[in-house]
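Full structure from sequences and hints, please.
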Amino acid sequence: MTVETPIRFSPLSEWQDDFAQLPTGLQVRELPYLTQLTLRVAPGSAAAKAVESALDITLPGPLRAELSGDVKVLWMGPDEWLLAAPEGLQDELLAQLRSAIGDEFAAVTDVSAQRTTLALSGHLVREVLAQGCAIDLDPRATPVGSCLTTLLAQAPITLVVRGEGASSVWLLVRSSFASYLATWLVDAGTEYRGSSG
Amino acid sequence: MNTPFRAPGHGHVDRDTTLSFTFDGTAYTGHPGDTLASALLANGVHHVADSIKHGRPRGVLAAGAEEPNALVQIEAPFPEPMLTATTVELYDGLVARGLSGQGRLSSEPDTARYDTMHAHCDLLVVGAGPAGLATTLAAARSGARVILVDELPQPGGSLLGSQELLEGAPAKAWVDEVVAELDGLADVRILQRTTAFGHYDDGLVLALEKRTDHLGAAAPPHVSRQRIWRIRARQVVYATGAYERPVAFDDNDRPGIMLAGSARTYLNRFGVLPGEQAVVFTTNDSAYPAALELADAGVRIAAVIDAREEVPEHWRTACDERGIGIRAGHVVTGTSGIERVTRAHVAPFGHGDLGERQGIDCDLLLVSGGWNPAVALFSQARGTLRYDAGIGAFVPGEALRTVRAAGSADGTFTLSGCLADGVDAAWQALSAISRTGQMIALPTPAPLPEAAPTRVLWRVPSPQEGLDGVLQFVDLQRDATVSDVLRATGAGLRSVEHVKRYTTIGTAHDQGRTSGVMTSGIVAEALGVDVADLGTMRLRPPAVPVAFAALAGRNRGELFDPVRVTALHPWHVEQGALFEDVGQWKRPWYYPRPGETMDESVLRECRAARTGVAMMDGSTLGKINVQGPDAGVLLDRLYTNLMSTLKVGRVRYGVMCGVDGMAIDDGTVIRVAEQEFLLTTTTGNAAKILEWMEEWLQTEWPDLRVHLTSVTEHWVTIPLVGPRSRDVLALVAPDLDVDNDAFPFMSWKDTTVAGVAARVCRISFSGELAYEINVPAWYGITVWKALYTAGSEFGLTTYGTETMHVLRAEKAYPIIGQDTDGTITPQDLGMSWVVSKKKPDFVGKRSFTRAENQRDDRKQLVGLLPVDERVLLPEGAQIIATSDIPAPPVPMLGHVTSSYRSDALQRTFALALVRSGTRRIGETLYVPLDGRTVPVTVTDPVLFDKEGARRDG
Amino acid sequence: MQLIACPWCGEREEIEFHYGGEAHIAYPEDPYALDDEQWAQYVFFRDNPKGPFAERWVHSAGCRRWFNALRDTVTHEFLTVYGIGAERPSHTSTAPAAPRAKGQEASR
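Residue numbers (full-length UniProt numbering), protein chains in the order written: chain A, 1 to 197; chain B, 1 to 953; chain C, 1 to 108.
Worth flagging that the hints you see were computed from the coordinates, not collected in a lab. Be aware that one or more of the hints could be misleading.
As the list claims (entries may be wrong) - Derived SDA-like pairs: lysine to any residue, alpha-carbon spacing no greater than 25 Å straight-line:
1. Lys50/C / Gly20/C
2. Lys50/C / Thr384/B
3. Lys688/B / Arg46/C
4. Lys210/B / Thr384/B
5. Lys845/B / Ile25/C
6. Lys749/B / Pro6/A
7. Lys50/C / Arg540/B
8. Lys785/B / Arg540/B
9. Lys785/B / Pro6/A
10. Lys845/B / Tyr42/C
11. Lys785/B / Glu14/A
As structure tokens, then:
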């Protein structure tokens, strides 16, 4: 009935100017409004196979993300994945998956606004992350496609390695922690102020 | 400016650059590469400060972290207390003064940045001396990931302070060559000015890097001043070197008394002559190179006093060539001088008896009592130490699986030995992680004659033994003496750990580097036991002083603790809300209008909710989506009441208990679909309850086909409360039939609110007609503003957590964790109605029938009305039965859990947990307050709209 | 900061984990067949051995899975980790555990 498109705000919509001030070696961009669904299903089950076939992907194993398709699949736990897709697809994707799963046992939940996604890139990213993350980001330890749910500074995050040596990563952070994490990242950039970056 | 004590042609300081500094009000100069101590000595300043207890003048004993004496306070550029002059790198504009034991914290905030860095490696090497460099090179060439940390500004360690040759060239050339190669390797990181100070579990070593301290006022403010490295290493090699120890004798603390090896370092690293006429007192060979090098640089060596009867021929020859007399079998028994040593008293000490004393004039008395391997970090790693009677020191025992020592830290004291030991340590470390070390060609040092044994000597007997006022210092910084140690053993103490605490020896900056082993030796002598059996003090982190600011790193100010905010937070800030911290959340506490007190704001907000319409931000409530065929079964087992019978479209309140039957959380459960529920938890328990539910599901009932997903932050939740809430909702949700029959209490509807797909629940935490509007968080502000606008004609008021508390307390809706404390059952809360009688079992049920839970004197939730309706009881206040406070122990009946002023009741009221509370309704009890007692009437806890007519309307 | 080997995520710092008390304490088959004393044993009483102790842990900040661990209460060393349904491994000494290949020193 209402025709006007309601206005929405992502958790870090007010941070663009601050991010723009960061050195070129530490580029930070929010990817707002991504479609995000939590999939809970036993790996290898009929329901899992139905999901894989519906999305034409293989559910990645522990600590890995499947990043090739439009729907990125992030391993969150032994029976849990986060599906990240372009914005606006939650209803469609939810329906598609539930229909594929049918009477089999799996749970799909829309969690699109539960987390926001930060895309970090640049040669400083690995060092900045190392200031607050105890994970070894050496490419031999965390190659491209790694997906780690852990802590960055004091915030719970999911880290997806997209570029070699963490030169490009996604950080998925719960919405309530997003401004804390943004504050932390911008503060981390202080160190490199004035450097060619 | 004239610095009279620089030795031409010596040292690694940059003499082309002059730095100005001020010490105790006098201007001096030094050079880059100096420490404050070396610059002072270069200017002939030996008296740095007076000692803390005895007020005796003190100078510079050592050249590094082992310094116990030369304490300074930095005044500019930034005030910093309690540093040792030997570890402060000189910079232009430094203003310092000597410190008599106690420093002064700056009253100004420290604006410098501090940060933390995680690092990972196969091998961490601590110390860039000959052993550490050899270890690093051998490991690095094999391709291992290596981190080398070293406390000095440049690599080389002891090689910087000696004139030793490698392959016939100054050792520095080899150091430079090795470092150049290491610098070219991607998997090697070298951190200078970085001190490892703590060895923790699983190969975690913390190190402090001083990044810009040495730049003084020129330090760029955006670069962190100090950094804590958290290094996770698969293997650690401690090539930390050794510390020379002094010998105790009478008045062994005067300025000008210095460790022999340190004097050598001042000459060779800094180009500083620490005196003009020296007496050298030694128990071992190591003081001879110091004596010879200083003599060659122009210091007159008045005598070498060697406690040993036999002096190796080659040292005797070398001394003869320079006209240096050696007195074998002699000791220094005492000194003269006030501001500076002027004379050493020496005497024969052939068979443990002092002979006739003789004075030798000097302005420098060099002492060497032998060398203690720097084992602090190895020991922290739980490495055991072994006493080596030959050198009178504790050395590392067996290497650990992941930690080993190398070089002089491992008790190897020759240069060739240290190099070989370094390579060996690398191989062992690599082998332990299934890698193979590389063969490396080691440089050959100049040949050294066979070392003669050390005479282990802890103290020289005082010629005045038995007289008062004899001062033989053990721990110079603590002003603790041999007499103090003997007083401790005299008092019956038998352990060095106890002696340490009795005397405070080893607790200052230097952590017993110069005093620890000496203390063991003196205690062992006094008790007549073997030092090996007595052992030495346990060494604990931090090995060097570390500022709290460094440990805090960037976790200060707004980053001290994560601040969690809801999507509506910017609106609350804009409206001037005051915030309450609830866990890590910032929640609006109340929204004051100009000139209002908090009480006035809260009463106004309460009035709006009870008489008009009000709304709040309830987004912080935990929300868990429960899906699967067995969702109802799981909820039936975890809630005290029946959830599986809930119809789709309906809402039920529920309580969860622990297995002990005590309430742990409460909230609402809505049935979304046949196989899907959504439940809420209290704000503070959201994570805990999800973990609790998962624990049962994963460990006890893995067969249940149900999954839990947290959706807390997906939703913005807005309780819209008050008699006019229906009118407001109708305006913003045109598709929704808000009629009481169509949308009754405890039901929910999916609809559109302000153009946004929303789920509206008709539930109430206030006792009023109320709705809870849930929308995806992105649209929270839009919907909130639409409600605010639509509500304006009804006087819609926003309210915070304080008003929420008052409203719910008037209705006796408990807050788990405030009105309960983990010992309260649902029955104690007067909520037997929420406990199912039908279900055969649920978590907590069996405990309800325990005798303890059947007692009729359990604490129960009641209302309290102060007889004086203006009196606001403090939460936590105790409750007693009598108007007079009886003599202790006072029988306590319970305590106040919640207490507020009520607009609806036009008076104060409280909730309380009171023994047999339900039976006491109507009684008068007393609350001791400010020396008197306040009479209160016990009432039913529900004080407002007991019938619930308002919320159902 | 100890490392704990999550069976799914590998070694992580202990701050990512929560402790769940003694492992292998099963919910009684029929709580109502137990007298108060027997029930109290289940609810309140736990072992407190010196040496290897089977415990429940959850990787809270990671995959949120509960698992069991055998930990030496003298040295704090994790001897092994194993699945919730698995039997307690028969470690009797503080010998190093199989899955812990790195980053640990021998206890003494």
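Status of the hints after comparison with the structure:
1. Lys50/C / Gly20/C: Distance ~18 Å between lysine 50/C and glycine 20/C Cα, so the pair holds.
2. Lys50/C / Thr384/B: Status holds; Cα separation ~22 Å.
3. Lys688/B / Arg46/C: Measuring from Cα to Cα gives roughly 22 Å; hence the hint holds.
4. Lys210/B / Thr384/B: Given that 25 Å is the threshold and the Cα spacing comes to 30 Å, the pair is violated.
5. Lys845/B / Ile25/C: With a Cα-Cα distance of about 18 Å, the restraint between lysine 845/B and isoleucine 25/C holds, given a limit of 25 Å.
6. Lys749/B / Pro6/A: At roughly 20 Å apart (the allowed maximum being 25 Å), proline 6/A and lysine 749/B satisfy the hint.
7. Lys50/C / Arg540/B: holds (24 Å)
8. Lys785/B / Arg540/B: violated (58 Å)
9. Lys785/B / Pro6/A: holds (11 Å)
10. Lys845/B / Tyr42/C: It holds: about 14 Å lies between the C-alpha atoms, which stays within 25 Å.
11. Lys785/B / Glu14/A: holds (18 Å)
Comparing the model with each numbered hint stated earlier shows that hints 4, 8 do not hold.
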